[in-house]
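S.K.: Chains A, B and C are the protein sequences, given in the same order. No gaps in the numbering here: position 24 of the first sequence is 23 in numbering that gives the first Met the number 0, and each next residue is one more. No gaps in the numbering here: position 50 of the second sequence is 49 in numbering that gives the first Met the number 0, and each next residue is one more. No gaps in the numbering here: position 97 of the third sequence is 96 in numbering that gives the first Met the number 0, and each next residue is one more.
In short, the hints are calculated from the structure, not lab data. Misleading hints may appear alongside valid ones.
The calculated lysine-lysine pairs, modelled on DSS-like cross-linking and capped at a C-alpha distance of 27 angstroms, are [stated by the list, open to error]:
| hint | chain 1 | residue 1 | chain 2 | residue 2 |
| --- | --- | --- | --- | --- |
| 1 | B | LYS116 | C | LYS192 |
| 2 | A | LYS223 | C | LYS96 |
| 3 | C | LYS192 | C | LYS175 |
| 4 | C | LYS81 | C | LYS14 |
| 5 | A | LYS378 | C | LYS14 |
| 6 | A | LYS230 | C | LYS123 |
| 7 | C | LYS96 | A | LYS245 |
| 8 | C | LYS107 | C | LYS14 |
| 9 | A | LYS53 | A | LYS245 |
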Amino acid sequence: MKIPFTYNVRSVLGRPVSTALTALGIALVVAVFIGMLALANGFAAALTRTGSPKNVLVLRRGADSEMSSGLERDVVSILSGSPHVARGADGRPLASPELYVIIPLGRMGDTTQLANVVVRGVSDAAWGVRANVHVTEGRRPASGRNEVCVGNRLVGRFPGTGIGETMRFAGRPWAVTCHFAAGGSAFESEIWGENEQILPAMRRDGFQSLSFRLADPAAFDEAKRAIEADKRMQVDVYRESAFYAKQSELLGRILRILAIMITAIMAVGAVFGAVNTMYAAVASRAPEIAVLLTLGFKPRSILASFLAESALIAGVGGVLGCLLALPMNGIVTSTTNWASFSEIAFSFRITPMLLLAGLIFAVVMGTVGGFFPARRASKVPVVQAIR
Amino acid sequence: MPLVEIRDVSKRFSRDAERIDVFDSLSMDIEQGSFTALMGPSGSGKSTLLNLIAGLDKPTSGTVTVGGAAVSAMTAAQLANWRAQHVGFVFQQFNLLPVLTAWQNVELPLLLTRLSKREREERVGIALGVVGLDDRHRHYPRQLSGGQEQRVAIARAIVADPTLVLLDEPTGQLDAKSSQEVLALLGRLNEEFGKTIVIVTHDPHAAARARRQLHLEKGTFVEQADAVTVP
Amino acid sequence: MKFFTLLRANLGRHKRRTILTMASVALALFLFASLRTVVTTLKAASQFGSARRLVSTNATGIVFPLPIAYANRLATIPGVEKITWANWFGGQYGDGKRFFANFAVDAKSYLDLYPEMQVPADQKAAFLADRAGALIGARLVDLFGWKVGQNVTLRGTIFPGDWTFTVRGVYTPTDKAINDDAMMFHFEYLDEKTGRNGLAGWYIMQIDQPDNAPRIAKTVDDMFRNSSAPTRTGTEQAFNASFATMWGNVSLLMNTIGMAVVFAILLVTANAMMMSARERTRELAVLKTIGFTDRRLFGLVMLEAGIITVTGAVIGLGAAKLLYRATNFNAAGFLPGFDVTTATLLLGGGIALVLMLASGIVPAARAARLPVVAALRNVE
């Protein structure tokens with residue numbers, strides 16, 4: 000025979016202050032949990048969205064990032080002619096040779112605070128190969144001119160990034176002609192310019208990476224084998240999406256570990272709070288429990304009832320925590336991705352799964368905290384309690 | 000001069016827009032060394048009167064003077080200090096602190112004095128001796144019987160050598176035997192040690208111990224002359 | 000402290016509750032101290048650096064090199080006493096999961112300019128004599144189990160291929176803020192194997208007086224402003240500071256979490272105090288009857304809250320200070336010199352006091368204002 004849940008609900012409402020304090024404590028733990036994981040999520044998402052599973056990224060053998068790589072022009076020519084590379088509507092290969100450097104830029108507001116921002120030298124093909132990139136404002140840089148297109152996430156955070164304004168790096172001025180979006184990926188924290196202008200400005204002769212669309216998306220392994228075995232070059236071939244995902248590993252892991260450690264410690268504190276509350280509740284309701292027992296409810300039901308009550312309080316706390324965390328969703332922040340040593344802006348990303356995880360976490364905290372008190376409740380000796 | 004002088008005292012309670020006049024223009028004296036019993040039906044105000052004498056409550060009008068001090072005119076802080084020195088209060092529910100031993104409970108009032116630890120120990124020992132519980136001093140209230148608890152409470156009430164010992168239904172929760180022990184103790188305190196005692200009670204045996212019985216009825220006294228002991 | 004017995008008895012009334020609450024406070028303050036130390040460590044790193052050393056990098060970007068020929072020209076600048084340079088190598092060891100700094104240096108002048116890196120004389124001589132030799136930080140010995148005389152192979156990322164070095168010496172930094180897990184080798188070795196020469200990643204100069212720093216820095220930058228490799232020169236401290244800012248708004252993150260932690264613990268403590276207070280209404284009234292003043296009761300309740308929060312704080316803060324020291328924690332190299340500062344400890348103590356006040360105020364005020372007669376009448 001189960002004790003009706005309304006008993007628990009009414010009891011909880013009967014001690015509003017204590018309940019509120021406990022629930023709020025749990026809410027804070029859940030909010031921090033969700034917030035920190037949303038940070039890790041957002042970072043990982045920005046990077047995984049950067050690459051496409053249909054694209055391939057080719058770097059020099061052994062390079063761990065686009066920055067440490069180097070591809071000579073002839074290697075790029077050979078690769079562009081490969082049958083594994085898809086062709087565009089105009090018959091030209093959908094292959095984009097690119098340069099990847101970082102420049103120090105002072106932040107808006109406090110220009111002594113420097114960030115290492117990525118400047119990517121691209122060709123026309125880049126806009127086609129990277130399907131998730133599109134211009135949101137202005138026009139693409141014209142050929143032969145010192146013009147650049149700035150990723151949306153840089154706009155407003157660094158001076159001179161508005162359309163029509165001029166940025167200065169590598170010793171010369173660059174007019175900003177457009178802004179581009181890239182699905183919230185790492186590209187949005189980059190400055191794109193024409194290879195023909197960027198390479199000489201950076202005093203480079205060759206490229207650093209080649210990104211191309213697979214002619215047959217299912218044939219990645221074959222393409223990888225063929226290209227890596229080619230004796231004319233020493234390269235590593237990656238599926239683009241897999242490569243960028245790997246770039247997020249280090250920092251992503253740090254953020255996730257940090258999230259778990261911090262919330263674990265906080266959770267213990269919150270659970271202790273729940274334990275206190277429940278023990279006090281049990282103590283003050285001993286007569287009621289005795290009455291329930293005399294009415295015929297089993298000790299097991301008493302245990303379950305008090306566990307449910309603890310879980311209820313925690314559940315309320317969980318919902319509160321989710322509500323507290325939600326406003327964080329979408330907030331943009333930035334850090335340096337140490338894997339590529341470059342500035343990347345990303346936003347907190349709260350997913351339904353994360354909210355669910357937060358709720359479950361809360362209920363678990365409540366159940367753990369309520370276990371011993373509930374057990375004490377079920378052991379209340381009838382006679383003593385009634386006296 | 001009487002120890003306690005109550006002059007034209009009225010006490011009015013307001014509860015939920017209802018006004019209750021407990022008593023109106025009451026006057027009485029209590030002599031030093033006397034043993035007085037306050038009796039009367041429920042609601043007659045006897046406990047309230049005791050509270051006024053103890054300085055736990057203030058009269059709506061009138062004055063209460065104890066040992067020359069105008070109790071009814073003191074501030075809360077002054078009353079607290081005054082009570083610490085002059086009043087020993089015993090309750091029906093004993094009201095010992097459950098987390099302290101008998102000894103520590105009795106010591107409580109002395110913590111408010113400037114006595115050294117040794118002096119405190121001495122007095123607690125004496126007080127417990129008087130009530131006959133020196134062998135139980137390490138016990139917690141839950142380990143004592145009702146009668147023993149009340150005796151500890153009495154020890155606590157006398158340890159600071161107060162001017163007045165006030166008791167509110169002290170035998171109300173005791174069985175016959177324990178009641179007798181407690182009452183005998185009170186008798187001793189009054190006769191042997193000269194303590195002024197005022198006791199509020201329903202219990203005729205308790206009232207019989209007293210040398211003066213005052214009946215409160217509808218806010219006024221109906222005094223029973225030095226009573227004949229009821230067997 | 001004659002009221003100590005009463006205080007202790009009250010706290011012992013519900014031993015479990017008292018202990019759990021103290022433990023919660025301890026955990027919260029441990030966490031708080033840890034978070035705050037991240038901020039203070041980054042700050043310390045950003046303020047570290049000799050006032051007499053300047054760092055020059057390529058103005059276009061840190062990834063761009065500077066010609067070795069610059070060394071001679073820098074030497075001509077008045078006020079410049081010593082010069083050295085280094086080039087980032089970026090090699091990985093094993094699976095590469097544990098990142099550590101490794102770079103090529105002009106060995107003799109580098110060690111000369113950095114007396115903070117202490118190397119035993121014989122090891123130093125051996126390192127300087129062996130072109131393929133390497134100097135490693137003391138922590139790498141523990142991390143990878145490397146020994147002097149052993150060959151270690153790094154996988155090059157910028158410079159492809161496998162690179163083998165012989166460990167010739169171990170350095171120990173005199174200051175905790177300096178990374179003790181870096182590895183240095185000879186730039187000649189790098190040049191020889193890559194077949195190119197003449198490139199440095201960054202230059203470090205020792206100048207005669209700190210006051211001359213701005214002037215000398217400007218001279219350097221002016222000297223190369225119109226060349227193919229313009230420079231950006233600043234103090235070593237500014238250089239270090241720029242790395243600290245690269246993390247982003249860490250202090251905001253840590254402080255926000257820190258506040259959430261403190262607030263959460265406040266709720267737990269306040270709840271515990273209020274529960275205790277609620278159960279003792281009658282006892283408090285009795286104490287008032289005996290003659291305890293309102294003020295005294297207020298103080299007693301506050302003190303009870305104080306004992307819980309301060310004990311918890313001492314345990315939590317103490318544990319943080321001792322733990323990080325004992326384990327020589329440095330967050331896998333990212334936060335060298337991770338140590339809880341005295342300022343953090345004091346701040347933690349302050350928080351404990353605030354906790355005491357915030358959690359004790361309501362029960363203490365209630366105790367003080369408790370109407371004796373009404374409270375005693377309650378049980379009938």
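S.K.: For each hint, tell me whether it holds in the structure or not.
M.R.: Against the structure, the hints:
no.	hint	in the structure
1	B:LYS116 / C:LYS192	86 angstroms, violated
2	A:LYS223 / C:LYS96	24 angstroms, holds
3	C:LYS192 / C:LYS175	34 angstroms, violated
4	C:LYS81 / C:LYS14	66 angstroms, violated
5	A:LYS378 / C:LYS14	20 angstroms, holds
6	A:LYS230 / C:LYS123	43 angstroms, violated
7	C:LYS96 / A:LYS245	12 angstroms, holds
8	C:LYS107 / C:LYS14	65 angstroms, violated
9	A:LYS53 / A:LYS245	17 angstroms, holds
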